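Trainee: Spelled out, the chains give:
2 protein chains.
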Amino acid sequence: MTKSFVGVDLGGTSMKIGVTDSTGNLLAQTEKPTIAEEGAERTIHRLNVHIKELVASAGISWDEVSGIGLGLPGFLDLKQGIVIHLTNLHWEQVPICKQMESSLDKPVIMNNDANVAALGESWVGAGVGVDDLVCVTLGTGVGGGIIANGQLVSGFRGFAGEIGHIQVDSHGQACNCGCNGCLETIASATGMVNQATSAIQAGTSTLLTQEPTITPAEIFAAAAKGDALAKQIIQRTVEALAQGFAHLSVILNPQRFVVGGGVSNAGEALFQPLRQAYRQIAQQHSAKDVEIVPAKLGNQAGIIGAAGLVALFEDPS
Amino acid sequence: MTKSFVGVDLGGTSMKIGVTDSTGNLLAQTEKPTIAEEGAERTIHRLNVHIKELVASAGISWDEVSGIGLGLPGFLDLKQGIVIHLTNLHWEQVPICKQMESSLDKPVIMNNDANVAALGESWVGAGVGVDDLVCVTLGTGVGGGIIANGQLVSGFRGFAGEIGHIQVDSHGQACNCGCNGCLETIASATGMVNQATSAIQAGTSTLLTQEPTITPAEIFAAAAKGDALAKQIIQRTVEALAQGFAHLSVILNPQRFVVGGGVSNAGEALFQPLRQAYRQIAQQHSAKDVEIVPAKLGNQAGIIGAAGLVALFEDPS
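Chains as they are written, first to last, in numbering that gives the first Met the number 0: chain A, 0 to 316; chain B, 0 to 316.
Same shape as in the complex, but just chain A (with noise of 0.2 angstroms):
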């Protein structure tokens, strides 16, 4: 029989399903709003009749489905398959692995959102064949997702990964983790547009103030114009990100670290000056033809990697 796989994103403000196949094509997809404020029994009674229909929708008979992944943005107890803490989604203590395996008699596995997305990457995007990687995205915050020995590392208390929260400078601005400097108040969406408004708050001349909102977008268009806020911005972006890389080496030694969300849509504006900061900053050795390259499957990566946390938990080869 053909086995078929579901993976969740869910999000705080929608539920991003799909279904793949065992070598990781997405057969069919959907998107619904999460509807957060129903509180968690409801949501998770609409994500398992969503579930249900698309599966339906795509001519796949329910017999076929192995199991389903889920994504989560927030504290997660994986053993137990118990959501600790959701911000976004005002959850706190939900058991939902349990619950959706007896109203839908599948095995339901769950992990970090950045996690799944990794293994997504890994095993059908940027990542396929690299057995040791680390998976990055920037986007609100800094995310990541480490396969070592082709595996998805998770960590004792499913922690593992929390690349956004290592410290580049100790004198840095306060996280909301509760340290500072952490990776994510520099390299993500939020550091780096808090960087252009502080510098603009101090009085510094920019092409930046003529714009309604300022984005990445509009501080890469402007560091293009040769504005010297938007470059020394970006400068410090990748070397906040260099640093953080440079970390990442000695400690695991990937070969290939994959670079994804938003901040990542500025391609070689980004991943030039990047690859030449993390040559000058991390140790030679470990540093040696390791490749840093854009991410392959955009917001698919989390629906394809959930469902990849059951068929390569079924299949490991």
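The set of hints was computed from the structure by calculation and includes no laboratory data.
Since we're looking at a predicted model, the values are computed, not measured.
All residues carry an ideal CB built from backbone N, CA and C; glycine is no exception.
Do not rely on the hints blindly, as some may be mistaken.
Stretch-level coverage of chain B by chain A, calculated; a stretch enters the list once three of its residues show a Cβ under 8 angstroms from a Cβ in chain A [stated by the list, open to error]:
| no. | stretch |
| --- | --- |
| 1 | 139-148 |
| 2 | 159-171 |
| 3 | 238-248 |
| 4 | 281-295 |
Calculated cross-link-like contacts (lysine-lysine; reagent style BS3-like; alpha-carbon spacing at most 25 angstroms) [stated by the list, open to error]:
| no. | chain 1 | residue 1 | chain 2 | residue 2 |
| --- | --- | --- | --- | --- |
| 5 | A | 287 | B | 78 |
| 6 | A | 224 | A | 295 |
| 7 | A | 97 | A | 51 |
| 8 | A | 287 | A | 31 |
| 9 | B | 287 | A | 78 |
We have chain A already, so just place chain B on it with the hints.
Mentor: Quick look at chain B alone, frame taken from chain A:
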């Protein structure tokens, strides 16, 4: 048939050889001079002879030996089984695994000495039962080894676990590796002694000037007598270690740090302030319930872990 496993810890001065059973019990061991000046071929020949002698003396038939694991202190090509460069032995481009395999007619697997020691602690030492583990050896340098998902992490080119080269002070002392302020410039025996001699040369008054030679043991003894410089060196050492452990925690979220090597002989005089500094510096989620404990196997970690390279590769459960 009972299976036995040979482990070799090859250093510049001596070659330690052990034989274990499939549960990591050390059945026999020996230590012979390396005589590096005779060159790689002679050293490997004598190693082969000593291995066969040890196995015979333990009453084990050669047929029972599944293979030989090697822990080597240098740059290795793990996939090809080639020594690229061993500083202490002046070896360059030595295909040691193939050479030993053709003489001994058994599989030979190699890895970095610090990684092998970590595998030993994981298999039968202070890391038993822990799937996510970081082992650190505070000796002449700072070595490290990482276990994730219950497996040794070697990385793309075998340079994973180079914990001594995590940068903890970008304005710090030059390190042999070409970077500045690596953890081992501060937290190794050499680093601690350098801190003392620099301060003494700068005119700092300390009990340590009464010592004919300064070692970490003398620094801990002087601190116990209230010596301000010695206390300051220990504080800087544990803060540098805690900074490195903080990076490791957000990246790997290990359950336990196992600390060995000469500097760790100080016991609670090291561990107590180290745990305290780690609690203060590390990101709280990643540090929750994480233990920092002494290594258990001492000098035997290398031979037991090297045997484990073969035993655990054969039967990864």
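Trainee: Does each hint fit the structure? Answer for all of them.
Mentor: Hint-by-hint comparison with the structure:
| no. | hint | in the structure |
| --- | --- | --- |
| 1 | 139-148 | holds (count 3) |
| 2 | 159-171 | holds (count 7) |
| 3 | 238-248 | holds (count 5) |
| 4 | 281-295 | holds (count 7) |
| 5 | A/287 to B/78 | 16 angstroms, holds |
| 6 | A/224 to A/295 | 28 angstroms, violated |
| 7 | A/97 to A/51 | 17 angstroms, holds |
| 8 | A/287 to A/31 | 44 angstroms, violated |
| 9 | B/287 to A/78 | 16 angstroms, holds |
Of the numbered hints stated above, those contradicted by the structure are hints 6, 8, listed in ascending order.
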